[in-house]
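Colleague: Using the sequences and the hints, build the whole thing.
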Amino acid sequence: MRIQFKTSYAHDIRLFADRWTFGVYAVLLIIAFALPFILGVFYLGEVTNVLIWAIAGLGLMLLTGQTGQASLGHAAFLAVGAYSGAILMESGVPFILAFPAAGIITGVVGTLIAIPAIRMHGVYLAIATIALSILADDIIVLTEHWTGGVSGKFFMPVELFGFEIDRWGTPFKFYYLVLVVAIICTLFYRNLLRSPLGRAMAAVRDSEVSATAMGVHIAYTKAIAFGVSCAITGLAGVLMGMFAGIINNETFSIVISISLLMMIVIGGLGSIHGAFFGAIVIAFLPQAISITTKASGLTVAIPGLEQAIFATILVLFILFEPMGIYGRWMKIRIWFELFPFARKDMFRRQKSYLKTERLR
Amino acid sequence: MSLLEIKNATLKFGGVVAVNDLSFNVEEGEVYAIVGPNGAGKSTVFNLISRFYDPFAGSFTFDGRNLLDFKADGIADLGIARTFQNIELFEHATVLQNLLVGRHRHRRTTLIEEMLFTRRVRREEYKHRAAVEEVIDFLDLQPYRDKMIAGLPYGVRKVVELGRALSSNPRLLLLDEPASGLSVEETQDMRWWIDDIRKQMGITVLMVEHDMGLVSAVSDRVLALADGAKLAEGTPGEVQSNPAVIEAYLGAGAV
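In order, the protein sequence lines correspond to chains V and L. Taking the working numbering, the leading residue of the first sequence gets 729, the next gets one more, and so forth. Taking the working numbering, the leading residue of the second sequence gets 77, the next gets one more, and so forth.
Hints are computed from structural coordinates only; laboratory data are not their basis. C-beta: ideal position from N, C-alpha, C; glycine also. Incorrect hints may appear among the rest.
Unchecked claim - Now the in silico label distances, taken between C-beta atoms and shown as ranges: (1) 896(V) x 186(L): 39 to 47 Å; (2) 210(L) x 911(V): 32 to 40 Å; (3) 90(L) x 1059(V): 46 to 54 Å; (4) 264(L) x 761(V): 55 to 63 Å; (5) 753(V) x 206(L): 23 to 31 Å.
Modeller: Have a look at this one:
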C-alpha cells in the first residue's frame, strides 16, 4: 500500500499524486506516441476513433459528470463544431485558426442555448436537449446554402506547421493531431478540477441550495459548464468530420447523442478516466461484434444486434456497477493495495441522510 | 448600530403566517440563539436572511446594507455564512473540496486562467488551502481530510458543514441546529467550538437550537419564537423562566 506524505499545499494540487502515478502516465504517454510504429493502419485508425470519442466524452463529462446536467443534445454540438470548422476551412482560414475557432463558436452557441435550458432540471433538461438533437438534422437541411444539406460537406487534407495531415494519406499524422488535442483537453479538464470553478460545478451538481449559500452563482456556473463542454465537443466534432471525410445531416443523429451519454455512464460518471474507458467500449464494440459474428460463421446480418448488446451492457452497468468501468477499476486496485485486508462490504453504499426540503 | 437588524419581518405561505411582524437585532460579537417549538418559524427566519425566501414585509439590514438588494448567491459575499438543519454537503466530493467551496466568495481568477492553471491561480490556490487548513486544524478534521462525504458518519458531517461555513471567513455565522443528532460528547465539542468561534475568531453567531443546555452555555441573548412571533427576548435565564415561553412549550397550566 502506498502512503502519500503531504508536506505542502502543492502536493494537493499537483497533476500527479506521486512519482509512481507520474511514472504510470509517462509510460502510457510514451506508448501512445509509439503506437504508429506498432500498429497497422487499420488499428491505428480505430485508436484514433477512440481518442476522438474520448474528447467528445470529456466535453459531455464536464457537463453531466461534473456539473450534473444531463444532455442528450451533444450530437448537435458535434455538428456545430464540424460544420463551422468545415465552412471556415473552405473559406480559406488556415487549420490552426479554424480548429480553435470552431471550438469557440460551438462554445458560444452552447452558452446561448444554455441560458434558457438551465432553468430546467434533470430529466426535463434531457428532454429539452433531445429536441436540440432532432432539430439539428432539420436545421442542417434547411441551411443548405452553408451546410450543403443532404449532399453534405467534404473535409480536405489540412496543413499544420508545414505538415500535410490527411486522414487517409497520412493516418499517423492525423493520429498525432488527435492525440495532442486529447492531451490538451484532458489538461484543461484536470486544471478546472483543481481550481475554484471546477469545485463550484461539483457543488452545483450535489446541492444547489448550499452552493448558493456559499456564494456560487448557479446560472452562471451552469452556463460556463455548458460553454466549456460544448467547446470541447465542438473540437471533437471537427476531428470526427476529418475522420469521416464527409459529413451530412445524418452524421450527427440522436443515436450519437445517446451513445455519448452511454459512453460516459459505462466509463464512469465524473472522472476523466471514465471518458476514455467509455470511448474504448463504444468505439471498439461494433468491431468486436462484427469480428465475433464473422468468426462464429454467421453469414446473415442480424439487424439490431449491436443496439441490443449496447443496451444490455448499459443496463448491466446501471444495475451492478453504477460507478462504471472506472469505479470497478478503482475497487480492484484498492483490493490489491489492501490485500489481504479488503472486506466484502467495503464499497457498499452508506445510508444517506435526509436532505433539506428543496426550497424551490 | 447592530450588525444585523431585522424589523417587522413578515412572511406568509398562502394562508399560513410563518413569520409574523418579527423584529430583533444581533450585536457584533455576540452569540444570539433562537429557540421555539417545532414550526415556530426559526429556520424560516434563516432562509429569509439567506434570501432563499422573499419577505412579505419588513426590512433586513446587515452592517448598514439592505439585504433585500442582494440575491441568495450574493449573501455569502457580504460575509454571512450558514449551515443547514439537515446537512447539505457536496456528497461526491472530499471534505477538503467541500471546505474549499466555502472559499468560493474569495475567487479572484477567471475561467481562462483556471483552465491554463496560471501562476496566479496557483498562488490563489495556496492561499485558499492555507485558510482551509486552519479550519481543519481548528475543528480536528485531519483524519477525514481526503475522505468522501458519502462515507462519513453523521456527527462528522455536521462538523464539516460548520467548517465549510467557517472557511468563507464570515462576519456572521448562521447555525441551523448545530447540535441536532449529535451525541453528548459531540455536543460538548460543538459548545467549545462556538465559544472559540466567537472569542478567537471574533465571528458573530446567530443560531437556532433546541438543546437548551447548549443554548444557555454559549449564548448571550436568546429569542423565543412561537407561531412566527416574538415571545420573549433576553438572557438564557430570563427566557427560560418566562411564563409565556413555558406555556408555549408545555401548554397552559404547567406553571
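Colleague: Hint by hint, say whether it matches the structure.
Modeller: How the hints compare with the structure:
no. : hint                        : result
1   : 896(V) x 186(L): 39 to 47 Å : holds, 41 Å
2   : 210(L) x 911(V): 32 to 40 Å : holds, 36 Å
3   : 90(L) x 1059(V): 46 to 54 Å : holds, 50 Å
4   : 264(L) x 761(V): 55 to 63 Å : holds, 59 Å
5   : 753(V) x 206(L): 23 to 31 Å : holds, 28 Å
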